[in-house]
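Trainee: Put together the whole structure using the sequences plus the hints.
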Amino acid sequence: DAGVIQSPRHEVTEMGQEVTLRCKPISGHNSLFWYRQTMMRGLELLIYFNNNVPIDDSGMPEDRFSAKMPNASFSTLKIQPSEPRDSAVYFCASAPGPNQETQYFGPGTRLLVL
Amino acid sequence: DAKTTQPPSMDCAEGRAANLPCNHSTISGNEYVYWYRQIHSQGPQYIIHGLKNNETNEMASLIITEDRKSSTLILPHATLRDTAVYYCIVRLRSSNDYKLSFGAGTTVTVRA
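Going line by line, the protein sequences match chains A and B.
Heads up, the first sequence is in the working numbering, so the first residue is 1 and it goes up one at a time.
Heads up, the second sequence is in the working numbering, so the first residue is 1 and it goes up one at a time.
Any given hint might turn out to be false.
To be verified - Below, a list of computed lysine-lysine pairs in the DSSO-like style, where the Cα atoms sit at most 30 angstroms apart:
1. Lys24(A) to Lys68(A)
2. Lys99(B) to Lys78(A)
3. Lys99(B) to Lys24(A)
4. Lys3(B) to Lys52(B)
5. Lys99(B) to Lys69(B)
6. Lys68(A) to Lys69(B)
7. Lys3(B) to Lys99(B)
8. Lys52(B) to Lys99(B)
9. Lys78(A) to Lys24(A)
Hints listed in this document are in silico derivations from the structure and should not be mistaken for laboratory results.
All values reported here derive from a predicted model rather than from experimental measurement.
Mentor: Set out below in structure tokens:
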């Protein structure tokens, strides 16, 4: 059974460019999470979807960040315009249901904004 | 969320048991203890969780004290691949408690 799939695994871009990160959750999972990890701040929850609906986006840093989940098998996290301080590892995680069972993480996307 | 306290680092010999402590003195009665680990350059990986009773799976054992104020994760036969940062997390299992609060964790180094 495939785990959470993220693409790309690595992304290098220049300041001001648009960046789109993609996630495919585990089939049958109803909850999806986007996290960001930096040395300074550790792992932070950015946004949480349940049944494709955003439930909590309070962790999204600012308006430059947006996330969508058009269907149960796909989500995107977009940064426009990107800035050097957005450089981090972005993880997507999914969980089976609404009662917050175990979250399973993808391998992450390493983003470097020059 | 109840806070957890873990030692910042520990070493373990390959093939020996690794015992990772975690203090959670303010845990409430319906909060679970979860353990995750993060191997370098990978995403966090679920290990085990428990409420009151000791738990065991193919990866590890979780021992929770009777007063639930502390717990120990046991890796029975540590291998070099177990070198990682281990996170002890306390949380409810409800629709209102979806955040995993990863602290600094314990950096475990397994040495040959």
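Trainee: Each hint: holds or not?
Mentor: Verification of the supplied hints:
1. Lys24(A) to Lys68(A): 12 angstroms, holds
2. Lys99(B) to Lys78(A): Roughly 21 angstroms separates the two Cα atoms, so the pair holds.
3. Lys99(B) to Lys24(A): The hint holds at about 20 angstroms.
4. Lys3(B) to Lys52(B): 17 angstroms, holds
5. Lys99(B) to Lys69(B): 21 angstroms, holds
6. Lys68(A) to Lys69(B): 40 angstroms, violated
7. Lys3(B) to Lys99(B): 13 angstroms, holds
8. Lys52(B) to Lys99(B): Judged against 30 angstroms, a Cα distance of about 21 angstroms means the pair holds.
9. Lys78(A) to Lys24(A): 15 angstroms, holds
Checked against the numbered hints given earlier, the structure breaks only hint 6 and satisfies all the rest.
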